[in-house]
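Engineer: Residue numbers (this note's numbering), protein chains in the order written: chain Z, 1 to 271; chain H, 1001 to 1289.
Because the hints were derived from the structure by calculation, they are not lab data.
Hints should not be assumed to be uniformly reliable.
Stated by the list, open to error - Here are the simulated BS3-like cross-link-like pairs (lysine-lysine), alpha carbons at most 30 angstroms apart as the crow flies:
no.: 1; chain 1: Z; residue 1: K85; chain 2: Z; residue 2: K200
no.: 2; chain 1: Z; residue 1: K131; chain 2: H; residue 2: K1161
no.: 3; chain 1: Z; residue 1: K200; chain 2: Z; residue 2: K173
no.: 4; chain 1: Z; residue 1: K33; chain 2: H; residue 2: K1287
no.: 5; chain 1: Z; residue 1: K85; chain 2: Z; residue 2: K33
no.: 6; chain 1: Z; residue 1: K140; chain 2: Z; residue 2: K129
no.: 7; chain 1: H; residue 1: K1161; chain 2: Z; residue 2: K173
no.: 8; chain 1: Z; residue 1: K190; chain 2: Z; residue 2: K129
no.: 9; chain 1: Z; residue 1: K129; chain 2: H; residue 2: K1161
no.: 10; chain 1: Z; residue 1: K140; chain 2: Z; residue 2: K190
no.: 11; chain 1: H; residue 1: K1140; chain 2: Z; residue 2: K85
no.: 12; chain 1: Z; residue 1: K131; chain 2: H; residue 2: K1028
no.: 13; chain 1: Z; residue 1: K129; chain 2: Z; residue 2: K89
no.: 14; chain 1: Z; residue 1: K89; chain 2: Z; residue 2: K131
no.: 15; chain 1: Z; residue 1: K32; chain 2: H; residue 2: K1028
no.: 16; chain 1: Z; residue 1: K89; chain 2: Z; residue 2: K190
no.: 17; chain 1: H; residue 1: K1287; chain 2: Z; residue 2: K89
no.: 18; chain 1: Z; residue 1: K82; chain 2: Z; residue 2: K32
no.: 19; chain 1: Z; residue 1: K190; chain 2: Z; residue 2: K85
no.: 20; chain 1: H; residue 1: K1161; chain 2: Z; residue 2: K140
no.: 21; chain 1: Z; residue 1: K82; chain 2: H; residue 2: K1028
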Amino acid sequence: MMMMSPSQTAANTTAKAAAPLSIKGLSVAYQKKPVLRNVSFEVNEGELVGVIGPNGAGKSTLMKAALGLIPSIGGEVLVYGKPYKQQRKMIGYVPQRESVDWDFPTNALDVVLMGRYGHLGWFRRPSAKDKALALECLNKVGMADYAGRQISQLSGGQQQRVFLARALAQDAKLYFMDEPFAGVDAATEKAIITLLQELKLQGKTVIVVHHDLATVQDYFDSVLLLNVELQAFGPTEQTFTQEQLQRTYGGRLAFLDRSLQSPSRFDGKGE
Amino acid sequence: MSDFWILLTGALVASCCGVLGVFLVLRKMAMIGDAISHSVMPGIVIAFLLSGSRDSLLMMFAALIFGLLTTFLIQMFQQSGIQSDASIGVVFTALFAIGVVLVSLYARQVHLDQDAILYGEIAYVHWNIWELGGVNMGPKAVWLLGITLLVITSVIGLFYKQFKLCAFDPALAAAIGIPVALFHYLLMGLVSMATVSSFESVGAILVVGLLIIPASTAYLLTDRLGVMIGLSVGAGVASTFIGYGAAVVLDASIAGCMVCAAALLFVIAFLFSPSHGIVIKKLRMRKLA
């Protein structure tokens, strides 16, 4: 059975603790065209989950729908057993870097401080404590020296690290990251992966939309293969197989083969 | 005394517009500000027709409704697949045209002057006095604009972080539970208020200049949002002063001169801004070469 669901076993062993993220029958359509059809899965606590699939497979859509940023036409999203609306403070979000205007008049520290807004309620302003925390988060991604830098003067990788620092400042338990590795330099890639490992050690759960198939096995505990419908979900070893990828990416696998540096990794794991 | 009232009125218009303009420019909605300033027209005319007077409160209310209606219609057309600039164009010209038709039909009954609506009559501001129990309280326009400025600064001040995050990263704002749509309509409501308070003074067309130009000037001069708001108000107030001076000397349209002055300040910032100015950039390049 390919569709191994680790969540089932997890649910049995830890019957009381609700999963960080449980999605049931989620469907999304843009102007009648389905972009996400009946997706159900459950993520274990403390895992790094890679969301993989071809362009237009609905990877970002899955994240946005789970966060309630776009309307879904059906389905249920539970975060630690409750509707996400009640659990917002537990969720951290890193949108795609291109989704914001980096010419906005603000500096790196200020952007990180925005991660605290969710904890401040309607009227409170960020305190000195929030600022200290934001600076600490910048430090964690190696950007403390750039705190006062206007954000348009940062490189793409540095901007991405500022975004990650902002997510850290959200102090969440469940993180959604939309292509944090896209177009970043090697130093940033390393900084991000160190950070992901650190979050994992703290028992946090991170769901990452990811493009680079060559690094999937090194980075993620579980993978979710998506192409409008859920193709497969489970531990990376059993799920990230040639056969599953073929199914997910369809005819585009020829290109895939070249992008995978070591095809031997797949030998025998599919069965 | 008339100079004082004219300058005060101008400064208040510039302040209202300067604060809101920053958010319009940063959210790339400058043209929505334009649209709102035009499409509140029918609201103003209908309020005139209903009350038979320039009752400011009713006018404000009617303009608010039409401002929000404009925002809503533009959004609705966009979401149903019409190009965003086209939907702005369709909505505001149509509403503005309704206003023009209404004015032409009923202008004689309500003493409504098309020129006044389009270009304002800031020179006559001190003639329209608010009297309270026989006491001269000063021009009505100053009171109206003062209250509008108070509302704008309180709302923006109270929800500064929400407006800021909605402008920079609406996705994160929504994810952490900020009602993004509510703040969008709140901003549009404030723009409608500013427009209707300003239109008597500078007119429906030139108010756009004071919404967009000083904010764009400020954008070129700073990297901090708070500073940008301050500079935007500063540039706006300076424009009204320079513009009024020029209008007196040239004996020309006051509102026209004010917006020309705003444009002049923008060009200066565009050329000589320390960070963005093209002349400064050229000089720096030469130094490097």
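Engineer: It remains to establish, for every hint, whether it holds in the given structure.
Structural biologist: We went through each hint and held it up to the structure:
no.	hint	result
1	K85(Z) x K200(Z)	holds, 24 angstroms
2	K131(Z) x K1161(H)	holds, 14 angstroms
3	K200(Z) x K173(Z)	holds, 10 angstroms
4	K33(Z) x K1287(H)	violated, 56 angstroms
5	K85(Z) x K33(Z)	holds, 26 angstroms
6	K140(Z) x K129(Z)	holds, 17 angstroms
7	K1161(H) x K173(Z)	holds, 23 angstroms
8	K190(Z) x K129(Z)	holds, 29 angstroms
9	K129(Z) x K1161(H)	holds, 17 angstroms
10	K140(Z) x K190(Z)	holds, 12 angstroms
11	K1140(H) x K85(Z)	violated, 47 angstroms
12	K131(Z) x K1028(H)	holds, 29 angstroms
13	K129(Z) x K89(Z)	holds, 18 angstroms
14	K89(Z) x K131(Z)	holds, 18 angstroms
15	K32(Z) x K1028(H)	holds, 29 angstroms
16	K89(Z) x K190(Z)	holds, 27 angstroms
17	K1287(H) x K89(Z)	violated, 51 angstroms
18	K82(Z) x K32(Z)	holds, 29 angstroms
19	K190(Z) x K85(Z)	violated, 33 angstroms
20	K1161(H) x K140(Z)	holds, 24 angstroms
21	K82(Z) x K1028(H)	violated, 37 angstroms
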